[in-house]
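Quick note, the sequence shown lines up with residues 1 to 239 if you use this note's numbering.
Calculated from the structure, these hints are not laboratory results.
Check the hints yourself; a few may be wrong.
[Claimed, not checked] What follows is a list of derived Cβ distance ranges for each label pair:
#, residue 1, residue 2, range
1, 189, 235, 10 to 20 Å
2, 191, 93, 33 to 43 Å
3, 130, 176, 20 to 30 Å
[To be verified] BS3-like cross-link-like pairs, simulated, lysine-lysine; straight-line CA separation at most 30 Å:
#, residue 1, residue 2
4, 216, 239
5, 141, 165
6, 141, 71
7, 141, 116
Note that this is a predicted model, so its numbers are computed, not measured.
Built from N, CA and C at the ideal position, the CB exists for glycine as well.
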Amino acid sequence: MARLNVKNLPVATNVCEQVLREVEKQPEWSMAHVVMNPMAESLLHHHERMREIYVITRGCGELVRGLTAYKNLVAGSACSIPSGMDHMLRNQTAGHLEHLVFALPPFDPNDVCLEKAEELAGNFPRQFYLPEVQDCFDGAKILAYNFSELALSITFGWVTGDPAKRKEPHYHKNITEFVYVVEGAGFIELDRVRQPIQPGDWIRINPGTEHALINKSAEGLVVVCACSPAFRMEDVHYK
Numbered sequence: 001m002a003r004l005n006v007k008n009l010p011v012a013t014n015v016c017e018q019v020l021r022e023v024e025k026q027p028e029w030s031m032a033h034v035v036m037n038p039m040a041e042s043l044l045h046h047h048e049r050m051r052e053i054y055v056i057t058r059g060c061g062e063l064v065r066g067l068t069a070y071k072n073l074v075a076g077s078a079c080s081i082p083s084g085m086d087h088m089l090r091n092q093t094a095g096h097l098e099h100l101v102f103a104l105p106p107f108d109p110n111d112v113c114l115e116k117a118e119e120l121a122g123n124f125p126r127q128f129y130l131p132e133v134q135d136c137f138d139g140a141k142i143l144a145y146n147f148s149e150l151a152l153s154i155t156f157g158w159v160t161g162d163p164a165k166r167k168e169p170h171y172h173k174n175i176t177e178f179v180y181v182v183e184g185a186g187f188i189e190l191d192r193v194r195q196p197i198q199p200g201d202w203i204r205i206n207p208g209t210e211h212a213l214i215n216k217s218a219e220g221l222v223v224v225c226a227c228s229p230a231f232r233m234e235d236v237h238y239k
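Given the sequences, and given the hints that come with them, work out the whole structure.
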């Protein structure tokens with residue numbers, strides 16, 4: 001298990017001048033935590049080699065993705081961007097827009113190709129629809145994203161404080177699980193030892209580690225879970 005809080009990481013220089021922190025780098029992917037200022041927007045760009053997944057955690061934005069402008073991306077929205085596709089993100093509100101950016105393969109600053117704003121001509125708006133809320137095997141409510149072409153799956157979840165819905169801890173033999181705490185407070189139980197967690201925490205759970213998220217308050221504990229390789233129910237085990 002490895003754990004950090006993104007607020008303690010240095011801000012990285014980036015062409016879009018956002019508050020960007022490089023959080024995780026694995027052999028096949030990397031993740032950055034990004035905060036966009038009110039009414040700000042990133043530069044229109046594409047990547048020749050990298051694919052990206054944008055996961056909105058707070059606020060509301062518009063994602064230009066090729067010829068489509070997805071309106072009203074809210075917390076829980078996750079969208080993949082193929083290599084070679086022009087894209088940019090706009091903050092549509094007077095508050096900050098927080099999101100996670102997963103890059104596959106790991107982010108390479110030399111693979112950022114800027115485009116002229118004129119390339120936006122012809123984009124047509126489209127509503128982004130969240131997937132249906134599901135009941136997860138571990139008792140949480142989730143929005144599940146399984147990108148078939150990528151060896152990574154993303155889940156946006158709400159951990160209830162209802163003890164009746166709390167399930168037994170589980171572990172994976174092959175999957176490494178990563179948890180980002182969006183809001184709320186609670187505990188993560190690792191091999192039967194509980195540790196408090198708070199917003200901004202990023203936790204790596206290695207294969208073989210028994211784990212569970214616990215919320216003892218009336219307020220929701222909101223998290224993003226990333227599984228590498230992609231989640232499979234066949235790799236859920238109990239001791």
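Going through the hints against the structure:
Between residue 189 and residue 235 the Cβ separation comes to about 19 Å, which falls inside the hinted range of 10 to 20 Å. As the Cβ distance of residue 191 to residue 93 is approximately 41 Å, the hint placing it in 33 to 43 Å holds. Roughly 26 Å separates the CB atoms of residue 130 and residue 176, a value that falls within the hinted 20 to 30 Å. With a CA separation close to 24 Å, the supplied pair residue 216 and residue 239 stays within the 30 Å bound.
With a C-alpha separation of about 10 Å, the suggested pair residue 141 and residue 165 falls inside the 30 Å cut-off, and the hint holds. For a cut-off of 30 Å, the pair hint linking residue 141 to residue 71 stands: about 24 Å separates their Cα positions. Distance hint between residue 141 and residue 116 is unfulfilled; the C-alpha atoms sit about 41 Å from each other, more than 30 Å.
Violated hints amount to a single one, hint 7; each of the other numbered hints is respected by the structure.
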